[in-house]
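Asks: Two chains, two frames, a set of hints: combine them into the complex.
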Amino acid sequence: MDGKADKGRRDFLILTGYTMGAAGLAGLAVPFIDSLNPAADTQALATTEVNLGLLQPGQAITAMWRGKPVFIRHRTSEEIEQARTVELKGLPDPEADEARFKDNPQFLVVLGVCTHLGCVPLGQKPTDNKGDFGGWFCPCHGSHYDISGRIRKGPAPKNLTIPPYEIKDKLLKIG
Amino acid sequence: MANVKKSSTLSKDSNRIAKWIDYRLPILSFLKAEAVDYPTPRNLNYWWNFGSLAGITLVIMILTGIWLAMHYTPHTAHAFESVERIMRDVNYGWLLRYIHMNGASMFFIVVYVHMFRGLFYGSYKKPRELLWIFGVLILLLMMATAFMGYVLPWGQMSFWGATVITNLFSAIPLVGDSIVTLLWGGFSVDNPTLNRFFALHYLFPFLIVGLVFLHLVALHTHGSNNPTGVEAKKPSDKIPFHPYYTVKDILGLVIFLTIWGAFVFFAPNFFGEPDNYIPADPLVTPPHIVPEWYFLPFYAILRSIPDKLGGVVLMFSAVFVMFIIPWLDTSPVRSGRYRPLYKIAYVFFLVACVALGWAGAQEAEGVPLLVSRLATAYYFAFFLILMPVLGFIEKPLPVPESLQESKRKKGAGR
Ligand code: HEM
Ligand code: FES
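Taken in sequence, the protein lines are chains A and B. Quick note: the first sequence, position 41, residue 41 per my numbering, numbers continuous. Residues are numbered in my numbering as their position in the second sequence, beginning at 1, plus a constant of 175.
Bear in mind the hints are in silico, worked out from the structure with no lab data behind them. Hints should not be assumed to be uniformly reliable.
As the list claims (entries may be wrong) - Taking beta-carbon pairs under 7 Å as the criterion, some of the chain B residues facing chain A (in silico):
1. TRP242
2. ASP264
3. VAL265
4. TYR267
5. LEU270
6. HIS395
Claimed, not checked - In silico lysine to any residue, SDA-like type, Cα no more than 20 Å apart, as pairs:
7. LYS153(A) to GLY118(A)
8. LYS423(B) to PRO216(B)
9. LYS301(B) to LEU559(B)
10. LYS409(B) to GLN579(B)
11. LYS423(B) to ILE14(A)
12. LYS483(B) to VAL494(B)
13. LYS483(B) to LEU471(B)
14. LYS130(A) to PRO69(A)
15. LYS423(B) to LYS168(A)
16. LYS158(A) to VAL120(A)
17. LYS68(A) to PRO163(A)
18. LYS7(A) to HIS417(B)
19. LYS125(A) to ASP103(A)
20. LYS423(B) to ALA22(A)
21. LYS7(A) to PRO418(B)
22. LYS153(A) to ASP132(A)
23. LYS301(B) to PHE498(B)
24. LYS483(B) to SER345(B)
25. LYS423(B) to ARG9(A)
26. LYS423(B) to GLY24(A)
27. LYS153(A) to LEU88(A)
28. LYS173(A) to MET64(A)
29. LYS423(B) to GLY17(A)
30. LYS102(A) to SER77(A)
31. LYS423(B) to LYS158(A)
32. LYS423(B) to TYR18(A)
33. LYS423(B) to LEU13(A)
34. LYS207(B) to HIS395(B)
35. LYS125(A) to GLN56(A)
36. LYS168(A) to LEU55(A)
Keep in mind that this is a model prediction, so the values were computed, not measured. Note that beta-carbon positions come from the ideal geometry of N, C-alpha and C, so glycine has one too.
Next up, chain B with everything else stripped away, as it sits in the complex (with noise of 0.2 Å):
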């Protein structure tokens, strides 16, 4: 199987210049054998299109925030000015923004839904270990990208969030104020720390992709998972990338762009904090200061905990532990369509997420405090004790010989 891909060469009929360059450098038969001949299990469903679609978005983020940054200027005395000027002045700076805004919150939902579908198919599972921990290192980074994106426009909700975010680690024993300070470049959020967020904010889009880079490289050695979870054995089973998977996945990148874009045109600060467009003002705290929603179930895991080092190593663990899923997981069953405990697993774990994200953003008192505190108790008994406890106490459903089986099965039992 994996060999039909290292004997592709370019077609006799492509043009010479092509067989100039590719003799030399062969970089248009890689191109074809990754992105063309590619040979791809015949089964995917639409949650795999959300691969493609990160990738687009980040290519988006990249693209839009490089043109901002052209008329940014991370200084705090001017930085408010300069968004406000984009919004206003600059020729489509509002599209500019709004892309980039929206697509921070398109870029999490897609990755979100990225990373439960992997959940659910045992995607992470041998041979793909290394390919889930280079999604959790992007996830990281994004995560990081994003917050210090936030902190750019210099409004109330970047600084007090910036104030808030940061001094999660002077939680740390003995060192944590002086990591605070180094972070900060001073005693508080100020202009050195606007310069270098900037400085990360424009860096680490391009370690994402390096990243993105390796993450494919890995999925290519051992091929897709699918909705089965077995391996493709046959040739039969596999079908060329192109044209079955391109059109599949522009006919979910259309649907997705016009989402996008609904956003962007009809509701553009639908995600955003109306705070944030009043100027970072160091002596004033708004009255209700909530992370992007990216972040809420990770801010109620932090707010579940009374104790200030336990919250933040909480949170913390909480991405964390997603490094580990493929040691955690003992089933001999990948994907959660044969699994039937697992499946009912999964869908308390979905439910505590949304919970989670819903209590992240009220007052951490009361009824959400005790959904935030159950559901956090739930996250982690998911991946520490039902993944690993599950795979020796289920009894999993018939698993189908091969991919072909599956769908004459499927059709025979509708």
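Chain A on its own, in the form it takes in the complex (with noise of 0.2 Å):
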């Protein structure tokens, strides 16, 4: 045989070789990986339901949903006013109180989870620091949260975010 073609068709079958292999376990650590993600059961959409009927204006409740703290504030007349009138320029994450509500803005609500580095937020309790805004106030970094869930002053860069729901005679449903 000559050797020359010998070496050419060796080369072919080791690069091959390396190549299939390195395919099968890139292939292999597919499933482990993913073992890591969400499970199915985790990943099911849980829902969580709150009877709204006992809240009265001015209270808040918190709920739990996927893990996560939902803050559910029943807003004052006077608080929806104020939210409504901010100038919105010059806000971080600039949003009109409307944009935030399809329906009942007497009712907030908002993962209670700062959107800087994930604390919850004070202001649910009527003894809390409530922040120079009167809604929420993170105490890991100092970051302020207006009565529309809104970021207002220090390190956060998101107004806190609205998980979906649904509100139905009084009944909310998240999730």
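Replies: Structure follows, in structure tokens:
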């Protein structure tokens, strides 16, 4: 056999072998990595239901949805008024109060997760520090949210997130 | 011969970073010496593939095991459910579990073949006694690991298997019952037992890794045995491990993984017991309780004796006798290839092991009981009588001078 041809053939076989081996290992890595993603039961959108009937104006309650706190605040008409007259220009994340509701602007529903690094802001209890804008105050690094859940001051970049929800006959269904 | 590998260094054209590292920490030249240049007998047959298969199986078991542990809950109230959740909800959880579950069986197949190989070719004989002893230690740890792993899914077989096996220790006179209570951490197999079994099931495979390392150090000290049992003397008796045996091992691996995969994808519960998909119930024992197949021969030995303590002692002896095989075999010839009588005794030993495996799965009465008694007798006679005696009375066939001569002779004979 001619030595040169032999070498070319051998290189081809070796490269093919390595390539197949690498592809096989990569394929095998997929199940291992994907098994770390949320499992089907975790992913199944758990829904949380809350009866809003007993929530008086000015009061707030915290519900749990997908392992996270959800802030529900029954806003007084003054608070709604105040939230709607804020000048949007100059807000870190400008968004009109109306845009944060489909209906029922008296019930504010937001995730109680600071958009900075994920702490739970204060402001649900009457005795809590509600920050400079009467909404919530995150003690971790000092983010102030207003009564619409919008970021007004501090390091957080975004308004508090609004989860998917609907309200029917004073029954709130989150998720 | 042994010096050939010691002088191994990185080749001149290896890259600068490799040389920089190797000058300070000679790990690369070590790997090159032990896994690339390592001089290996030129005549190894396919029975020599099973060591590398066992090593790779261990790695796969550890990986799938760690990944299962990320989803598994070691609590009697949640264990069964968490395994079902792995099967139904966790992405590819079924795959990880079926690889692990069937992997235990694959592991034992490979290790048993590996041991039968050693037994036939006399691989336990001087200077490889410690190599063999580390192997038996690995087998013991594997058995403990597999037993405790089988308890984790907390099905009926898990629970009753754990109950029966831990109760073996109650046969010990005087302290037996206290030992069982200690093992359980209570007065029956319960949550404390499950917790400690999980901790140990996680730990033991890593102890096995340590023993495998020692096993390999011992192996590389005198090199592999080979089918002739004649030590390689001339440099031309040996060839570098890479590419000759890397390629051969990879071929074996591909075939092995195909078989393992066939079980995982087409018959994942072939080796399993349906009863283990029923949650553990301390009030109801399943009508027919059998251990996993790889314990059946030992289980048959246990049941062949009508006495509780005697059965337990004999069963443990069946493993422990393997430790002294290097000193039981008195033959001057290493490989069974040149030992006409040993060959016959060996074949009967294989038959006895299979018979024990079969009998272990039957009710312990009538024909199976008789078979298991005969096979048990032969099992021990093989080690304790035939091995020492054959060495004296057997007239071995002529042994080749060197490995190459054996090749030529074989070729000429055909
Ligand atoms: C020497 C290597 C190993 C052997 C022989 C082995 C054996 C077994 C066996 C026989 C089972 C029961 C299978 C079933 O019916 O579900 C099991 C389950 C399990 N093993 Fe291992 N295992 C090994 C290594 C590991 C390692 C390193 C871990 C890491 C923590 C691990 C974690 C688990 C877990 C969490 C289970 C329960 C889940 C299940 O039942 O599938 N294993 N093992
Ligand atoms: S996490 Fe809330 S301010 Fe940093």
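Asks: For every hint, state whether the structure bears it out.
Replies: Right, here's what the structure says about each hint:
Hint status for TRP242(B): holds, given a least beta-carbon distance of 6 Å to chain A, under 7 Å. The criterion of a C-beta within 7 Å of any C-beta in chain A is met by ASP264(B), whose closest approach is roughly 4 Å, and the hint holds. Checking VAL265(B) against chain A: minimum C-beta separation of about 4 Å stays under 7 Å; hint holds. Interface hint status for TYR267(B): upheld, as the beta-carbon distance to the closest one in chain A is roughly 3 Å, under 7 Å.
The interface hint given for LEU270(B) holds, since its Cβ lies 5 Å from the closest Cβ of chain A, which is under the 7 Å cut-off. The beta carbon of HIS395(B) is not positioned within 7 Å of any beta carbon in chain A (closest approach about 25 Å), and the interface hint is therefore violated. Restraint check for LYS153(A) and GLY118(A): satisfied, since their Cα atoms lie roughly 16 Å apart, inside the 20 Å limit. For the given pair, LYS423(B) sits about 13 Å from PRO216(B) by alpha-carbon distance, which is consistent with the 20 Å threshold.
Proximity of LYS301(B) to LEU559(B) is assessed by CA-CA distance (about 19 Å); at most 20 Å being required, the pair is judged to hold. Simply put, LYS409(B) and GLN579(B) have alpha-carbon atoms about 9 Å apart, close enough for the 20 Å limit, and the pair holds. The suggested pairing of LYS423(B) with ILE14(A) holds, with an alpha-carbon distance near 14 Å, which does not exceed 20 Å. Among the hinted pairs, LYS483(B) with VAL494(B) is consistent with the structure: their alpha-carbon atoms are about 18 Å apart, no more than 20 Å.
For the proposed pair LYS483(B) and LEU471(B), the alpha carbon gap of about 17 Å is at most 20 Å, so the pair holds. Pair hint LYS130(A) plus PRO69(A) holds up; C-alpha atoms about 17 Å apart against a cutoff of 20 Å. Annotation: proposed proximity of LYS423(B) to LYS168(A) is violated, straight-line Cα distance about 70 Å (limit 20 Å). Restraint check for LYS158(A) and VAL120(A): satisfied, since their Cα atoms lie roughly 14 Å apart, inside the 20 Å limit.
Between LYS68(A) and PRO163(A), the direct Cα distance comes to roughly 11 Å. Compliance with the 20 Å bound is thereby established for this hinted pair. Restraint check for LYS7(A) and HIS417(B): the C-alpha separation of about 17 Å stays at or below 20 Å, so the hint holds. With a C-alpha separation of about 25 Å, the suggested pair LYS125(A) and ASP103(A) falls outside the 20 Å cut-off, and the hint is violated. At roughly 19 Å between alpha-carbon atoms, LYS423(B) and ALA22(A) fall within 20 Å of each other, so this suggested pair holds.
For the given pair, LYS7(A) sits about 15 Å from PRO418(B) by alpha-carbon distance, which is consistent with the 20 Å threshold. Taking the CA atoms of LYS153(A) and ASP132(A), the gap is about 8 Å. The hint holds against a cut of 20 Å. Of the supplied pair hints, the one linking LYS301(B) and PHE498(B) holds, its CA atoms being roughly 14 Å apart against a limit of 20 Å. Restraint check for LYS483(B) and SER345(B): satisfied, since their Cα atoms lie roughly 9 Å apart, inside the 20 Å limit.
With a C-alpha separation of about 19 Å, the suggested pair LYS423(B) and ARG9(A) falls inside the 20 Å cut-off, and the hint holds. Our distance criterion of 20 Å between C-alpha atoms is met by LYS423(B) and GLY24(A), whose separation comes to about 19 Å. A distance of roughly 13 Å separates the Cα atoms of LYS153(A) and LEU88(A); the hinted pair therefore holds under the 20 Å criterion. For a cut-off of 20 Å, the pair hint linking LYS173(A) to MET64(A) stands: about 12 Å separates their Cα positions.
Restraint check for LYS423(B) and GLY17(A): satisfied, since their Cα atoms lie roughly 14 Å apart, inside the 20 Å limit. Distance hint between LYS102(A) and SER77(A) is fulfilled; the C-alpha atoms sit about 17 Å from each other, no more than 20 Å. A distance of roughly 60 Å separates the Cα atoms of LYS423(B) and LYS158(A); the hinted pair therefore is violated under the 20 Å criterion. For the hint pairing LYS423(B) with TYR18(A), the CA-to-CA distance comes to about 15 Å; that is within 20 Å, so the pair holds.
Using a Cα cut-off of 20 Å, the hinted pair LYS423(B) and LEU13(A) holds, with the two alpha carbons roughly 15 Å apart. Our distance criterion of 20 Å between C-alpha atoms is met by LYS207(B) and HIS395(B), whose separation comes to about 13 Å. Only pairs whose Cα atoms come within 20 Å are accepted, and LYS125(A) paired with GLN56(A) is accepted, the gap being roughly 14 Å. Distance hint between LYS168(A) and LEU55(A) is fulfilled; the C-alpha atoms sit about 15 Å from each other, no more than 20 Å.
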